[in-house]
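Fit chain B to the given chain A structure using the hints.
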Amino acid sequence: MTDFLAALTDPNLSFFRYALLTGLFASIPFGIIGTFVVVRRISYIAGAIAHCVLGGIGLGLYLEKAVGITWFGPMQGAVVVALLAAVILALVSRHASQREDSVIGALWAVGMATGLLFIARTPGYVDPMSYLFGNILLVSKGDFLFVLGLNALVLTLVWIFYNSFLAVCFDEEFARLRGVKTGWIYLLLLCLAALTIVLLVRVVGIVMVIALLTLPSSIAGNFSKSIFQMMVYSVLLCAAFVVAGLGLSYELDLPSGPVIIVIAAIIYLLVLLGGWLKKKKHIFQAD
Amino acid sequence: MGIDPTKPAISIKNLSFAYDSSAVLTDVNLTVQPFDTICVVGPNGGGKSTLIKLIVGLLKPDSGSIRIFGASPETANLRIGYVPQYSQYDPQFPISVFEVVCMGCLNGSLIGKYSEDARSRAMAALSEVGLSAIADRPFSAISGGQRQRVLIARALASNGDILILDEPTANIDHESELHFFDILTELNQRMTILMVTHEVGFASTFFKRIACVNKQVVIHPTSALTGDLIRDMYGGDLQLIRHDHFCSEEGHRHD
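Read top to bottom, the protein sequences are chains A and B.
Per the working numbering, the first sequence runs over residues 3 to 289.
Per the working numbering, the second sequence runs over residues 12 to 266.
The following block holds chain A by itself, in its conformation from the complex:
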């Protein structure tokens, strides 16, 4: 632990402070959007968007390095493709009610495939591993500014549309009857999820996005009486997992993304086990 604290204060290791600050601030959109993803039960959609992000990263790398468009890099590509995937998925859920899961699966794989094809045609060596499994230690000042911007956007929009989001998640049909433009609200929710996922990819990588998006909220759901409470708990849990994961990965010299996920998963299992034991005890006492 002392090593971790020393690293944080070491002037030569500024990337470490960026990593920690990014992780802490990013927990806010992760917790808020994660809560909506969990209660609306769209973690598969979140997974599909995450995997499409590789397509965007590949496109960005290709345009930057092979075509020479300097202002368009992997981050811009990721944002554009994630938003595009969100729009496609919102349209699919509105118009093709029966085979939605097939479309989600197809988009999932096509995103990965295009990403790898673009990377194959990009000159120079690109290691897809850091995109697939994330490396929070590689976050730059630009990423940190992106986090701050996303925080402002998510907090503002959720504050403004809180009632509509809640109504669409709880009972979309009724919300529609009360004049809520449910299609647009759902699209907005998916777009916010897409931006959040781009950021998550930076922290834990494409493959592990769903875990960090849904585990804190799933844990929080066990203790929450309202969506607002669930969001607050999710943000706090997510921040705790990121800090603990970073610290532990530094101490043990392990990759940070998987450590963060494993910690979150262990806590989730313990909470499930605790809930199960509590229920058992109740039944036992009732006998």
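Quick caveat, the hints were computed from the structure, so don't treat them as lab data.
Every residue gets a Cβ at the ideal spot worked out from N, C-alpha and C, and that includes glycine.
Warning: the hint list may mix true and false statements.
Taking lysine-lysine pairs in the DSSO-like style, the calculated list, with each CA pair at most 27 Å apart, reads [to be verified]:
1) B:K24 <-> B:K219
2) B:K124 <-> A:K227
3) B:K71 <-> A:K183
4) A:K183 <-> B:K226
5) A:K143 <-> A:K67
6) B:K219 <-> A:K183
7) B:K226 <-> B:K24
Chain B is nowhere near these chain A residues, computed Cβ spacing over 10 Å in every case [stated by the list, open to error]:
8) P13
9) F74
10) R96
11) E102
12) W110
13) Y127
14) L147
15) V156
16) I229
17) Q231
18) V264
19) I265
20) L279
Label-pair restraints from in silico Cβ distances [stated by the list, open to error]:
21) B:S98 <-> A:Q231: 24 to 32 Å
22) A:L279 <-> B:S83: 52 to 60 Å
23) A:A154 <-> B:G119: 52 to 60 Å
24) B:S126 <-> A:R19: 42 to 50 Å
25) A:I285 <-> B:L189: 25 to 33 Å
26) B:T42 <-> A:V234: 46 to 54 Å
27) B:A82 <-> A:W278: 26 to 34 Å
Frame of chain A; chain B shown alone:
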């Protein structure tokens, strides 16, 4: 919003509707006057829920017209309080009873929090169904009968003139069901009530008219409810359990 007595609450003319190519409803005509009570019965797959969805504007008819107080369902659906089946809700959704009822006050303006007026309307609706004491309880932690009443309160918070309920008595206990009809009787003072049900028994004691839906819609006064009619409605033999008989204050025993 006042009620215009010259216009029927619901007026359906020559309506047809099909999912893809299979016809669900054909040539339906139905007029419901203000303060009427009408009960919609029929076999599963006969089009009951489709009819309701058409009336509230969730579906559009292929041909024919629907008018709610003379206006189209899309513009008039704020005048309808809609009560879906409570069993469709995610039992783990973290939301309080009060928050659910507040959704009845949504009015299409996307922005901002519920107004003071909306919150007091929601609270008044909860008192009306006798649940103001549990406003802060989680929706998931209350009984089925209470959840059904919360959904009625949500519909009342809309301040509509028509109350439409989709199988509200499915899966609730008998006592809640009796209480439920007390509430409906009270609400009929100011609202038109249309309810889908499986249980024909109750229909004959509370509702003035019955609409039998099986591709077509046929209206009967409840006094005409006989075994032959019920057989027609369900298209064959069925076992009918009557529970519309009168019994003492304490209810009746089955032992």
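Taking the hints in turn, this is what the structure says about them:
Straight-line distance between C-alpha atoms of K24 of chain B and K219 of chain B comes to about 21 Å, which keeps the hinted pair within the 27 Å bound. Straight-line distance between C-alpha atoms of K124 of chain B and K227 of chain A comes to about 19 Å, which keeps the hinted pair within the 27 Å bound. At roughly 17 Å between alpha-carbon atoms, K71 of chain B and K183 of chain A fall within 27 Å of each other, so this suggested pair holds. Our distance criterion of 27 Å between C-alpha atoms is broken by K183 of chain A and K226 of chain B, whose separation comes to about 31 Å.
At roughly 21 Å between alpha-carbon atoms, K143 of chain A and K67 of chain A fall within 27 Å of each other, so this suggested pair holds. Proximity of K219 of chain B to K183 of chain A is assessed by CA-CA distance (about 36 Å); at most 27 Å being required, the pair is judged violated. Taking the CA atoms of K226 of chain B and K24 of chain B, the gap is about 15 Å. The hint holds against a cut of 27 Å. Even its closest Cβ contact with chain B, about 45 Å, leaves P13 of chain A beyond 10 Å, as expected for a residue assigned away from the interface.
Under the 10 Å C-beta cut-off, the non-interface status given to F74 of chain A relative to chain B holds; the minimum distance is some 33 Å. Against chain B, the non-interface label of R96 of chain A holds: every CB pair exceeds 10 Å, the least being about 13 Å. Even its closest Cβ contact with chain B, about 17 Å, leaves E102 of chain A beyond 10 Å, as expected for a residue assigned away from the interface. With a closest Cβ-Cβ approach of about 24 Å to chain B, W110 of chain A is found to remain outside the 10 Å limit, as its non-interface label requires.
Consistency note on Y127 of chain A: stated as away from chain B, and its beta-carbon is indeed over 10 Å from all of that chain's, at 47 Å minimum. For L147 of chain A, the shortest C-beta to C-beta distance to chain B comes to about 28 Å, beyond the 10 Å cut-off, and the non-interface label holds. Chain B leaves V156 of chain A outside its interface by the beta-carbon criterion, the shortest separation being 16 Å against a cut-off of 10 Å. Not every C-beta of chain B lies more than 10 Å from that of I229 of chain A, the closest at about 6 Å, which undercuts listing it as non-interface.
With a least CB separation of 7 Å from chain B, Q231 of chain A falls inside the 10 Å interface cut-off, contrary to its annotation. The claim that V264 of chain A lies off the interface holds: its Cβ sits roughly 25 Å from the closest Cβ of chain B, which is beyond the 10 Å cut-off. For I265 of chain A, the requirement that its beta carbon stay farther than 10 Å from each beta carbon of chain B is met, with the minimum near 24 Å. In this structure L279 of chain A is separated from chain B by more than 10 Å, as the shortest Cβ-Cβ distance comes to about 19 Å.
Here the CB-CB span from S98 of chain B to Q231 of chain A is close to 25 Å, well matched to the stated 24 to 32 Å. The beta-carbon spacing between L279 of chain A and S83 of chain B, approximately 56 Å, falls within the hinted interval of 52 to 60 Å. Evaluation of the 52 to 60 Å hint for A154 of chain A and G119 of chain B yields a failure: the beta carbon distance comes to about 27 Å. Under the hint 42 to 50 Å, the C-beta atoms of S126 of chain B and R19 of chain A, about 45 Å apart, fit the expected range.
At roughly 31 Å, the beta carbons of I285 of chain A and L189 of chain B sit within the given window of 25 to 33 Å. A C-beta distance of roughly 52 Å is found between T42 of chain B and V234 of chain A, which places it inside the suggested range of 46 to 54 Å. Distance hint check for A82 of chain B and W278 of chain A: the Cβ-Cβ separation is about 53 Å, which falls outside the suggested range of 26 to 34 Å.
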